[in-house]
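Trainee: Per the working numbering, residue 1 is the first one in the sequence shown, and the count goes up by one each step.
Treat the hints as calculated values from the structure; they're not laboratory data. Just so it is clear, the structure is predicted and the values come from calculations on it, not from any experiment. Check the hints yourself; a few may be wrong.
Only pairs whose alpha carbons sit at most 27 Å apart, straight line, appear in this in silico BS3-like list of lysine-lysine [unchecked claim]:
#1 LYS146 with LYS99
#2 LYS173 with LYS99
#3 LYS146 with LYS174
#4 LYS174 with LYS96
Label pairs and their computed distance ranges (CB to CB) [what the hints assert, rightly or not]:
#5 PRO77 with LYS174: 26 to 32 Å
#6 HIS74 with LYS174: 27 to 33 Å
#7 THR112 with THR8: 33 to 39 Å
#8 MET6 with GLU61: 33 to 39 Å
#9 LYS174 with GLU143: 25 to 31 Å
#10 GLU150 with THR8: 31 to 37 Å
#11 SER63 with GLU105: 18 to 24 Å
#12 ASP76 with HIS181: 14 to 20 Å
#13 MET6 with LYS174: 30 to 36 Å
#14 GLU10 with LYS125: 35 to 41 Å
For every residue, glycine included, the Cβ atom is placed at its ideal position computed from N, Cα and C.
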Amino acid sequence: MLASSMSTQELLSLRASQTSATFISSSTHDPRPHRVVIGGAIFRPTCSPPSVLIVQRAATERSYPNEWEIPGGHVDPDETILQAVVREIYEETALKVTKVMAEFEGFHYLSTKYESDESDRDDGKLVVCTCQLNFCVEVEDTENIKLNPEEHQRFDWCSLENIEQFKMTLAIKKVVTDALHAIESINYTKE
C-alpha cells in the first residue's frame with residue numbers, strides 16, 4: 001500500500017515500527033535514499049494565525065549557516081522513525097513530544113559529503129540522497145525552549161503572514177507552508 005493512500009493512523013503506525021533501513025529498502029524513489037532525516041513541526045496551540053516553531057542554524061554550520069528550518073535531524077540505525085522524531089525534537093529544543101499528530105509531505109535532496117569514511121573515491125566526495133520525512137507534533141509546553149548552541153542560535157514563530165522575513169531555502173519554505181496547511185486541516189487546538 002502506498003503511503004499516500006494510507007490513513008493518518010495507518011501511516012503513523014507504520015512509522016512507529018519502521019527504521020531508516022526498512023524505509024530505505026522499501027523506497028521506490030529514484031535515486032534510492034542513502035539516509036533518512038525527520039522534521040518536526042511544533043505549533044503554538046493558542047496562536048492566531050497558526051504559527052510553527054522555526055530555528056536558525058548556527059553561523060558555524062557547514063551547510064546553510066544562519067538559515068531557518070524546523071527542528072529535526074537524522075534517524076539513528078537502532079531507532080524507529082517516530083523515536084527519532086521524539087529524540088531530535090528534545091535534543092534541538094528541550095521540548096518533550098506528547099503526540100505525533102500527522103505526517104505531511106516530505107522531500108528528497110542530494111548533498112555532497114566529504115567524510116573519507118563514506119567514500120572509496122580519492123577526493124573523499126560522495127553524493128548522498130536524503131529523504132526528509134515531516135511530522136506535526138504536540139509538545140508538553142512551548143514556553144521553555146532551550147536550543148543547542150552548536151546547532152542553532154535563535155528560534156521564532158513563523159506564520160503564513162511573516163514567512164518572508166526569514167531566510168530559508170525554497171524546500172524549507174515549502175515545508176513550513178505545508179506544515180501550516182497540515183495543522184489547519186487537522187484543526188489543531190491543544191486542550
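Trainee: Hints first: check each against the structure and report whether it holds.
Mentor: Checked hints:
In summary, the hint linking LYS146 to LYS99 is supported, as the alpha carbons are separated by about 20 Å, within the 27 Å threshold. The hinted pair formed by LYS173 and LYS99 meets the criterion: a straight-line CA distance of about 24 Å does not exceed 27 Å. Restraint check for LYS146 and LYS174: satisfied, since their Cα atoms lie roughly 25 Å apart, inside the 27 Å limit. Only pairs whose Cα atoms come within 27 Å are accepted, and LYS174 paired with LYS96 is accepted, the gap being roughly 25 Å.
At about 28 Å, the beta-carbon gap between PRO77 and LYS174 stays in the expected band of 26 to 32 Å. In this structure, HIS74 and LYS174 break the distance hint of 27 to 33 Å, their C-beta atoms being roughly 21 Å apart. The hinted window of 33 to 39 Å between THR112 and THR8 holds, with their beta carbons roughly 35 Å apart. MET6 and GLU61 have their C-beta atoms about 35 Å apart, which keeps the hinted 33 to 39 Å range intact.
LYS174 and GLU143 have their C-beta atoms about 28 Å apart, which keeps the hinted 25 to 31 Å range intact. The supplied range of 31 to 37 Å is met by GLU150 and THR8, whose beta-carbon atoms lie about 34 Å from each other. Distance hint check: the CB atoms of SER63 and GLU105 are about 22 Å apart, consistent with the given range 18 to 24 Å. Taking 14 to 20 Å as the suggested C-beta distance range, the pair ASP76 and HIS181 does not conform, at roughly 30 Å.
Checking the proposed 30 to 36 Å range against MET6 and LYS174 shows it is violated: the Cβ atoms sit about 22 Å from each other. At about 40 Å, the CB distance of GLU10 to LYS125 agrees with the hint of 35 to 41 Å.
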